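Start from the sequences and build out the full structure, keeping to the hints where you can.
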Amino acid sequence: MASAAPIFAHATTSAAHHPPHFLSSFSSKLLPCKPYRPITKLHVSSPANKSVASTAAAATTSKPTEETIFFDGGAHYGDLIANLLLGFTLLWLPLTLAAVLRAFYLRYRFTNRRVTVISGLTGQDRSDFSYEVIKDVQVVPRFIGEWGDIIITLKDGTKVDLRSVPRFREIAKYCLSMAQKPVVLKESGAKGF
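For the sequence shown, the positions run 8 to 200 when the working numbering is used.
In short, the hints are calculated from the structure, not lab data.
Small disclaimer: the values here were computed from a predicted structure and weren't measured.
Ideal Cβ positions, reconstructed from N, Cα and C, are used throughout, including at glycine.
Cut-off 30 Å, straight-line C-alpha distance, at most; resulting in silico cross-link-like pairs (DSS-like, lysine-lysine):
hint	residue 1	residue 2
1	Lys142	Lys162
2	Lys142	Lys188
3	Lys180	Lys142
4	Lys180	Lys162
5	Lys188	Lys166
6	Lys166	Lys142
7	Lys180	Lys166
8	Lys162	Lys188
Between beta-carbon pairs, the in silico distance windows are:
hint	residue 1	residue 2	range
9	Tyr112	Thr160	17 to 27 Å
10	Leu98	Glu139	39 to 49 Å
11	Phe95	Val190	36 to 46 Å
12	Phe77	Ile151	17 to 27 Å
13	Phe95	Ser137	34 to 44 Å
Listed below in structure tokens is the structure:
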């Protein structure tokens with residue numbers, strides 16, 4: 008039994024003075040952690056089987072290959088402020104919570120090719136549709152017309168409701184022009200916040 012004590016003593020002093028090899032190499036490579044944030048890329052690449060010369064010639068004769076952004080943003084800040092002020096009443100509290108979630112977790116992107124709605128806590132929930140599938144666009148102004156809702160009806164009957172959009176009239180006209188529809192907005196009266 009006396010021989011067991013020196014083995015433990017030697018093992019503990021050895022471990023205290025010389026850290027294991029994997030810990031010393033790992034600790035020297037530690038970098039400060041950055042929070043994970045997904046990046047949404049809108050680059051459109053050409054198919055791999057076409058040559059560079061043929062894609063360059065096609066680019067000059069057809070639509071531009073780059074996607075240009077017309078509007079990229081979230082819900083209007085006035086919607087958040089108005090709902091926060093009214094949130095002091097218990098009756099308005101659920102609507103305030105919805106406005107806060109819209110402000111932090113909802114993004115709209117209108118490009119020359121598609122409409123994108125990015126939502127969710129991580130931004131991974133994404134809905135895209137092209138302008139060719141748009142059947143109708145309606146707007147509903149909120150407050151005194153500072154922001155509004157855009158209701159886009161698709162050809163399959165699906166209605167996409169975009170809430171609290173800034174510059175909503177301009178964006179709705181852009182959607183109609185890109186869908187090659189007559190630019191006549193169907194606007195209903197203001198319906199509150």
